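Chemist: Letter by letter, the chains look like this.
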Amino acid sequence: MNDDIDFYTVDPRKNWDEGAEIQHMLTQCELDMEDGIDVFVVGRQGHRLVACAGLEGNIVKCAATVPDLRGESLSLKLMGEVIHLALEQGHLHLFLFTHPKNVAFFGGCGFYELAEVPGYVTLMENTPVGIKSYSEQLRTLAQPGKKIGCIVMNANPFTFGHQYLVRLAAAQCDWLHVFAVREDVSMFSYRDRFALVQAGVAGIPRLTLHHGSEYMVSRATFPSYFFKEKGMVGDCCSAIDLILFRKYIAPALGITHRFVGTEPFCQTTRKYNDDMKHWLQVADSESASISVVEVPRTVSSNIAISASEVRRLLHSGDLAKMPSLVPRDTLNFLSGYHYAT
Amino acid sequence: MKIVKEALAGTLESSDLLVKVMPLPADRVEVVIKSEVMHQFGEQIRKVVSQTLQQLGLLSGQIVIEDKGALDCAIRARVQAAILRGASVEQLDWSKLS
Amino acid sequence: MKLRRSMLFLPGANAAMLSTAFVFKPDSIMFDLEDAVSLREKDAARLLVFHALQNPVYQDLETVVRINPLNTPFGLADLEAVVRAGVDIVRLPKTDSAADVHELETEVERIERACGRQLGSTKLMAAIESASGVVNALSIAMSSKRMIGIALAGFDYVMDMQTERGDGTELFYARCAVLHAARVAGIDAFDVVYSDVNDEEGFLKEVELIKKLGFNGKSLINPRQIELLHNAYAPTEEDVDYARRVVAAAEKAERDGLGVIALNGKMIDAPIVNHAKRVLQKAQASGVRK
Numbered sequence: 001m002n003d004d005i006d007f008y009t010v011d012p013r014k015n016w017d018e019g020a021e022i023q024h025m026l027t028q029c030e031l032d033m034e035d036g037i038d039v040f041v042v043g044r045q046g047h048r049l050v051a052c053a054g055l056e057g058n059i060v061k062c063a064a065t066v067p068d069l070r071g072e073s074l075s076l077k078l079m080g081e082v083i084h085l086a087l088e089q090g091h092l093h094l095f096l097f098t099h100p101k102n103v104a105f106f107g108g109c110g111f112y113e114l115a116e117v118p119g120y121v122t123l124m125e126n127t128p129v130g131i132k133s134y135s136e137q138l139r140t141l142a143q144p145g146k147k148i149g150c151i152v153m154n155a156n157p158f159t160f161g162h163q164y165l166v167r168l169a170a171a172q173c174d175w176l177h178v179f180a181v182r183e184d185v186s187m188f189s190y191r192d193r194f195a196l197v198q199a200g201v202a203g204i205p206r207l208t209l210h211h212g213s214e215y216m217v218s219r220a221t222f223p224s225y226f227f228k229e230k231g232m233v234g235d236c237c238s239a240i241d242l243i244l245f246r247k248y249i250a251p252a253l254g255i256t257h258r259f260v261g262t263e264p265f266c267q268t269t270r271k272y273n274d275d276m277k278h279w280l281q282v283a284d285s286e287s288a289s290i291s292v293v294e295v296p297r298t299v300s301s302n303i304a305i306s307a308s309e310v311r312r313l314l315h316s317g318d319l320a321k322m323p324s325l326v327p328r329d330t331l332n333f334l335s336g337y338h339y340a341t
Numbered sequence: 001m002k003i004v005k006e007a008l009a010g011t012l013e014s015s016d017l018l019v020k021v022m023p024l025p026a027d028r029v030e031v032v033i034k035s036e037v038m039h040q041f042g043e044q045i046r047k048v049v050s051q052t053l054q055q056l057g058l059l060s061g062q063i064v065i066e067d068k069g070a071l072d073c074a075i076r077a078r079v080q081a082a083i084l085r086g087a088s089v090e091q092l093d094w095s096k097l098s
Numbered sequence: 001m002k003l004r005r006s007m008l009f010l011p012g013a014n015a016a017m018l019s020t021a022f023v024f025k026p027d028s029i030m031f032d033l034e035d036a037v038s039l040r041e042k043d044a045a046r047l048l049v050f051h052a053l054q055n056p057v058y059q060d061l062e063t064v065v066r067i068n069p070l071n072t073p074f075g076l077a078d079l080e081a082v083v084r085a086g087v088d089i090v091r092l093p094k095t096d097s098a099a100d101v102h103e104l105e106t107e108v109e110r111i112e113r114a115c116g117r118q119l120g121s122t123k124l125m126a127a128i129e130s131a132s133g134v135v136n137a138l139s140i141a142m143s144s145k146r147m148i149g150i151a152l153a154g155f156d157y158v159m160d161m162q163t164e165r166g167d168g169t170e171l172f173y174a175r176c177a178v179l180h181a182a183r184v185a186g187i188d189a190f191d192v193v194y195s196d197v198n199d200e201e202g203f204l205k206e207v208e209l210i211k212k213l214g215f216n217g218k219s220l221i222n223p224r225q226i227e228l229l230h231n232a233y234a235p236t237e238e239d240v241d242y243a244r245r246v247v248a249a250a251e252k253a254e255r256d257g258l259g260v261i262a263l264n265g266k267m268i269d270a271p272i273v274n275h276a277k278r279v280l281q282k283a284q285a286s287g288v289r290k
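Residue numbers (our numbering), protein chains in the order written: chain Y, 1 to 341; chain B, 1 to 98; chain L, 1 to 290.
Worth flagging that the hints you see were computed from the coordinates, not collected in a lab.
Just so you know, these numbers come straight off a predicted model, no measurement behind them.
Don't take every hint at face value.
Listed below are the simulated DMTMM-like cross-link pairs for lysine to aspartate or glutamate, each with C-alpha atoms no more than 25 Å apart in a straight line [said to hold, decoys possible]:
(1) Y:Lys132 / B:Glu43
(2) B:Lys96 / L:Glu238
(3) Y:Lys77 / B:Glu13
(4) L:Lys42 / B:Glu43
(5) Y:Lys101 / Y:Asp32
(6) B:Lys2 / Y:Asp32
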């Protein structure tokens with residue numbers, strides 16, 4: 001009974017003393033405390049804190065056990081408690097980012113490797129049939145053809161720019177697959193964004209619109225502590241996202257070309273396009289390379305149309321230019337949005 | 001009986017198994033089994049799981065099993081526990097569970 | 001005369017232990033659905049134990065299940081499961097009075113009828129864990145034909161007594177009360193768990209004490225303690241020799257149709273013969289004291 005370890009949960013934002021103890025333990029394990037953690041599972045042996053793991057939604061962060069108790073049993077019990085806690089909060093499917101050297105450790109606790117940025121970070125999930133099931137589902141939606149295109153868009157909101165890109169890509173391909181990114185931290189909700197995309201691409205032939213999935217990694221889901229000092233955050237995030245795309249999503253649908261609009265305003269998106277060319281076309285991979293097609297944006301009054309510009313105008317209440325930037329359904333939506341807020 | 005919510009039972013410790021259940025939109029039962037002794041005991045595990053599902057009269061749900069060398073009695077118990085949790089069943093008919 | 005020197009406690013939620021514990025061969029094996037199982041796992045543990053009880057490996061071992069008290073949401077479901085699964089003995093925790101036992105017995109009988117199990121085949125064991133229980137020990141011990149033994153449970157008892165576990169002084173009266181009640185009722189008496197699994201010396205000291213007092217056995221939480229306990233309870237060579245001669249004399253008297261048994265010119269009566277038989281039974285189970 002003396003060796004028994006008690007597990008319970010801690011809200012680090014309310015319980016500062018325990019939060020500090022957890023931070024201390026993480027430091028011992030050479031880890032930084034991560035932002036955004038909603039709740040921690042902690043394990044105590046008597047008074048001593050010996051294990052902890054944090055959860056932010058469905059992402060496990062800051063999982064660690066004290067060095068002298070390293071061994072399968074403690075980490076198994078810890079991750080067991082984590083999955084129960086996550087389930088109580090409505091998440092059965094969990095993800096985890098970790099350094100490649102820890103993959104075996106988490107592998108023993110029920111996590112499976114999804115994608116690795118060689119030497120930097122590995123994404124794992126806690127089911128053997130997560131990405132497999134998803135790929136199989138996608139496979140049933142594959143269409144015949146030699147040139148199969150793909151566009152992944154946040155469409156925050158859907159503009160003429162998006163519509164132009166979609167029409168151009170569809171015309172050049174035997175089939176086009178469009179994905180709407182599911183991340184719900186954009187200005188407009190996923191439900192609204194998706195509806196506008198759906199309206200905006202209606203009638204375009206040889207096109208399938210897909211809902212986004214958890215396998216399109218977003219900045220929101222990516223722990224920012226990874227290589228903060230080296231400024232690699234954005235790099236690792238896009239890398240994982242693109243590796244997943246090339247390894248699983250593209251092969252399932254037979255995608256040969258990925259279309260993106262050039263990015264005049266947003267630096268992070270511009271960087272993402274560059275990363276795309278690297279990871280989809282150039283980088284070493286067991287999967288076939290995918291051609292990245294950068295399409296210059298359409299213009300209105302000599303200014304490239306982009307969603308960020310639309311949002312800026314909306315913010316400043318300047319709706320005059322809207323009809324030339326967004327299709328009718330988006331315009332109606334934005335007007336409603338503007339008058340409601 | 002149908003799985004109406006996500007649920008799990010068991011652990012990944014040696015001689016145990018982790019069973020996760022999820023609802024499926026259609027009346028369909030999908031079973032995925034992963035085991036470190038799949039080669040020697042895969043068939044046996046599948047048989048026990050099948051029997052258990054049939055006894056419960058499961059009509060719909062996805063069952064994912066990660067086995068760590070559990071005995072038949074543990075397999076039955078964990079599968080039943082996960083399904084009963086996922087089907088939100090309170091009152092049990094013990095004669096159907098042996 | 002079932003030997004019940006060692007009763008090994010197993011947490012009911014632990015699949016690994018339930019799958020492998022039969023190799024240890026204690027006199028009885030106890031699956032715990034109560035304090036060793038978290039609230040979240042009560043349902044899962046119940047199912048594990050339900051199935052373990054029906055596993056062939058446990059058919060030759062005496063099985064006990066500690067159910068949750070009947071006034072919890074779990075107790076009745078536990079009982080339904082384990083009686084149907086064929087448990088030998090149901091252990092009722094926190095037994096404070098004979099009424100607690102009667103309540104349990106009523107439910108057990110109802111379930112036996114409902115599932116076609118032989119009426120009376122499910123035995124009972126009462127755990128005494130409070131001052132009330134100790135004071136009512138005799139009426140508890142006599143409360144049912146199904147009662148095969150009463151056990152003192154140290155952890156909750158000392159809390160109720162507003163003291164702590166120590167060198168045994170704190171259990172002094174309770175042990176004696178439970179023992180006497182058991183003897184008057186003609187059932188077994190079991191002593192508390194020794195929780196420091198690393199303190200072999202302390203464990204053996206406690207075993208010596210309770211053996212001298214006359215306890216039939218003890219609850220154990222670690223398989224390592226089984227052999228230690230059996231050895232401490234094992235008779236010496238001389239004990240065994242003497243016991244053999246007593247039993248031989250009794251058998252001879254019976255063959256010769258004599259009403260009186262004599263050995264070395266002294267009269268031997270029934271209690272001495274029974275004691276000798278118990279000695280031989282222990283010797284057979286685990287040899288002579290090493």
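Chemist: For a quick check of understanding: which of the numbered hints are violated here, in increasing order?
Modeler: The structure breaks hints 2, 4, 6; every other hint is satisfied.
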